[in-house]
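A.B. asks: Bring the two chains, given one by one in their own frames, into a single complex with the hints.
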Amino acid sequence: MKRQQIINGVIALVIGVLIFVTPFIFIGLTAVKSAAEASQLGLSWPSEWLFWDNLVAVIQARNYMLLLAYFNSTVITVGAISLLVISAAMIGYVIQRRPSKWNGFIYALILAGLMIPPAVVPTIWLLKELHLFKTLHGMILIQVAYGLSFSVLLFRSFIASIPRDLDEAAIIDGAKPWQVFFKVILPLLKPVTVTVILVQSVTIFNDFTNPLYYLPGKDNVTVQLTLYNFQSQFSSQMNLLFMNILLVTIPPLIMFIFFNKQIVKGMTAGAVKG
Amino acid sequence: MKSSRSYPYWFILPGGLVYLVLFLVPTVAAFWFSLTHWDLFETRFIGLENYYQFLREPFLITGVVNTVIFGVLTSIAKSVLGLLLAVLLTSGLLGQSFLRTLIFFPVLVSTIGVGIAFAEIMHPARGMLNIGLSYFGIQGPAWLIDPNLALFSVALVDIWKGVGLATLIYIAGLATISSDYYEAARIDGATKLQMFFRITVPLVRPATVTVVTLSLIGGLRSFDIIWAMTKGGPGFSSDVLASVIYKQYQAGFYGLSTAGNIILFALVAFIVIPLTYWFNRREVDL
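Just so you know, the protein sequences line up as chains A and B, in that order. Every letter in the first sequence is one number past the one before it in the UniProt record's numbering, and letter 178, counting from 1, is 178. Every letter in the second sequence is one number past the one before it in the UniProt record's numbering, and letter 149, counting from 1, is 149.
With the rest of the complex left out, here is chain B (with noise of 0.2 angstroms):
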């Protein structure tokens, strides 16, 4: 055959090796780790006694419940507000250009940078924000203090820093909805809501499907924001796995450490993958 002399496969092998053992190599040990009692001085298979630790402590089943939220609903904002910004951003409105580029911008801003400045800014008391908020009259919560609003906190701050990504993924995806749709439904006497809700969600799909995935993995595996901004406290009160991971791991637990490395991997995989196939399934009927 040509193309198997054309095009060899040893292409692959420079990045396939690397790969393999800095990637593939370490996630398939990690299952057998996992089931081990792991410090520095010894390895003793103990089965699945680790993964029994992380159902028992109240600390690491804390860290699981906060992961699903954190990700679950920075993924949700994200799509939705990218989804409005977006239309917004893309019906001549002026300076829009500008917008976008400002909306974009802090996606590309180092993310331990902005969770150490958004710290200060949500200040309790001198904060930036709360004082912004008393000029409205609202007195505003004491942000990353208050251990029943840490975690919602730092999302907030996660989805400012990763809205402007979503907004032009979307717009990206506006671009490439036929207006001839938008002129039929005009001329049908649609209002502009039934037009929101008829033709773009359903046509501007893909888009959702990319924003939605992508912001899920990037939420369920979030470590240096919350990392920079409450390390996981107060207490225990915004730990997600991630963060629980790296504390095991500078704690000497690395056999418990390597357990919720699985989880994250179980968490991520159970969520993303039955919500791709999901979408894919399901056809756009127009």
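So that you can see chain A by itself, here it is in the shape it has in the complex (with noise of 0.2 angstroms):
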């Protein structure tokens, strides 16, 4: 390495940590201090340690509703990858596997679903329509039908590289369609529903504007929206509004740390193909 390249990283180092960090080290330090420093707004050490006071605080606010949320955002984000991953699994699978005059008007539909933005009043009424407004599983279908798009693109571009020798020899070995896929394809795709299932639970752990709509009321409360609650609630006490912020901004961190590589291929799949 090059002296220059030493002095240009460390100048670069110095310059992405001021504006990646600090704003991180605001939120830890803001979420631990009294409320009348934290108020101050300022980037000081606190006085006092108050890590496990505010933690108390902010779990008990309001009844529990934080542990309600983080069970209602659990739900929901278990639920829509279950479904999402073997769905589009089986979607990627036929559309590439078949080719007929359907598919451009099926790919029409897939980057529709990329592209346009969800009518949310319309929705809302079908949803009730439906009896599945203000429900956990209406929202879990919601976010299946928003998450489609995006996993069938990455499960059918996977599945490309699947030699079909392999669903060829499996029928002719008498196995069904759905033991094809089941038995031969899916254990296949383990890599690329590692990804699916990354991306698209940081997606839906992160949403806030559709449980905004599809979701009112206490007792369907989300983790994102908790912090939205909070805002107002807080107002006065925003050690606590940060210390929300800094568990809603725990799980992503974890999964950050353990699937780095992961995450980041599934995010830019795409990019190189053109």
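Source of the hints: derived by calculation from the structure; they are not laboratory data. It cannot be assumed that every hint is accurate.
Capping the alpha-carbon separation at 30 angstroms, the derived lysine-lysine pairs in DSBU-like fashion look like this [to be verified]:
#1 B:Lys231 <-> A:Lys2
#2 B:Lys231 <-> A:Lys218
#3 B:Lys192 <-> A:Lys134
#4 B:Lys247 <-> A:Lys128
#5 A:Lys101 <-> A:Lys218
#6 A:Lys190 <-> A:Lys134
#7 A:Lys183 <-> A:Lys265
#8 A:Lys128 <-> B:Lys192
#9 B:Lys247 <-> A:Lys218
#10 B:Lys231 <-> B:Lys247
#11 A:Lys261 <-> A:Lys190
#12 A:Lys128 <-> B:Lys231
#13 A:Lys2 <-> A:Lys134
#14 A:Lys176 <-> A:Lys101
C.D. replies: Right, dumping it as structure tokens:
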């Protein structure tokens, strides 16, 4: 490494840390301060370290709303992802393996899902008609519908790399179509499945807009909605609001630490092929 | 035909049905509802009245204009900064993989959390940003309080949060460019700047297409960052279509809200579709 590269590297690191780390330090410090100190918004060291007190206060707020929110968010995320993986893999498999005059039409529909902003009020109207409005399973199905296009595209391009000989061998051995898919193909999809799970779980866990519209009411609160609720309630208790932000940031942080490579792979998929 | 029996279309059914009912049907129904006066009590056909209202009411027009400004600005900034950062972070810099990680992390963090935190960071008097600027002798502006600046302040935070994804897409794109081109250019005596504009920029185009399209679609539809930081204010100065749609829905003007949805859809389609068409038509000449 040349001397110039080291100097440039140090400069870039300082600027990078300043721009991308200080906001998180600010969140962390504010979260452990007293209400009075936090309201000064400074980057100063807390005179009292109130991590535990603030944590307990946030969790107990509004009758343990945060715990309910974590439960709801987990149910939605896990439920939606299980359905997404199976249904998107099946779709990706059929449209990749079976070229037909319908494919152009199916593609147009998939791309529409990536581009068109969901029509919220008509969706609410429909959810009400189907008795899915304000229900966790309704929210799960919404997340499946909105995440399907992206997942299908990922599965389809991965399945293209699996040789057809494998399905044909299984078919000759007398396997039924669903056996070929579930016993031969699905186990081979593990890498792309991991990618889909990671990317979608971050998306669904962090989703704010859709629960705001389709899941109102305090029994259905999700983690992101607690932030929004506490924003007005805790306007004089910045420390508690920021403790909440800290808690909401932890799940993605854990995923990031363990699965950084796969997340990056999933989110940049398709960029290289063009 | 064997293929039809081995790969039955019913495989599409489970996902396809959910998609049809919860996404496609409301999208099509929206066209009808946008032509109605629709509130809690009644649905009455009123033709294009909702759309006229969008063209008449100043605060609704502001929403449309702001949507375009926000979408285009953040998308351009993310692609330009993303490419520059990608070039920097593939140049063998000390600690470059750490920096990549650092820049990418905000992408995964809750947008609402980021928005709330930055609303405090951008506090005109006590906020970290203006205090930081004052060390360099710069008097920071009123960021979110100033009606002329609020939208751009939110855009700045959106760029901060999203530039990491653009950078990583560009890094993946740069990896596909053969080093032979740079070798040949170096032998011919090309400068670094010439190499950047004549080799890197044209050859990294597939990544540019992805970054621009993704961030345009995302930017035009942005809601949570704006809602967390300004709620469209002060006044209506940072309202975008997505926040107008929410406000009209809350106020019970369902028809008007749905018309906003259709306009947003049209805006995304009219900007993104011609752009991708244009991008795909122009092939790289090298």
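A.B. asks: Quick one, are Lys183 of chain A and Lys265 of chain A close enough, alpha carbons at most 30 angstroms?
C.D. replies: With Cα atoms ~26 angstroms apart, Lys183 of chain A and Lys265 of chain A stay inside 30 angstroms; holds.
A.B. asks: Is the hinted pair Lys2 of chain A and Lys134 of chain A satisfied, with a Cα-Cα distance of at most 30 angstroms?
C.D. replies: 60 angstroms, violated
A.B. asks: Sort out whether Lys192 of chain B lies within 30 angstroms of Lys128 of chain A, counting only the CA atoms.
C.D. replies: 60 angstroms, violated
A.B. asks: Can you confirm whether the C-alpha distance between Lys231 of chain B and Lys247 of chain B stays at or below 30 angstroms?
C.D. replies: 9 angstroms, holds
A.B. asks: Lys192 of chain B and Lys134 of chain A: Cα distance at most 30 angstroms?
C.D. replies: 58 angstroms, violated
A.B. asks: Against the 30 angstroms threshold, does the CA-CA distance of Lys247 of chain B and Lys128 of chain A hold or violate the hint?
C.D. replies: 20 angstroms, holds
A.B. asks: Quickly compare the C-alpha distance for Lys247 of chain B and Lys218 of chain A to 30 angstroms and report which way the hint goes.
C.D. replies: Since the Cα atoms of Lys247 of chain B and Lys218 of chain A sit roughly 20 angstroms apart, the hinted pair holds (cutoff 30 angstroms).
A.B. asks: Would you check the hint for Lys190 of chain A and Lys134 of chain A, treating anything up to 30 angstroms between C-alpha atoms as holding?
C.D. replies: 34 angstroms, violated
A.B. asks: Does the structure keep Lys231 of chain B and Lys2 of chain A at a Cα separation of 30 angstroms or less?
C.D. replies: Not OK: Lys231 of chain B and Lys2 of chain A at ~49 angstroms, beyond 30 angstroms, violated.
A.B. asks: Need the status of pair Lys101 of chain A, Lys218 of chain A: alpha-carbon distance at most 30 angstroms?
C.D. replies: 48 angstroms, violated
A.B. asks: Between Lys231 of chain B and Lys218 of chain A, does the CA-CA distance stay at or below 30 angstroms?
C.D. replies: 21 angstroms, holds
A.B. asks: Sort out whether Lys190 of chain A lies within 30 angstroms of Lys261 of chain A, counting only the CA atoms.
C.D. replies: 15 angstroms, holds
In this structure, the hints that do not hold are numbers 1, 3, 5, 6, 8, 13, in rising order.
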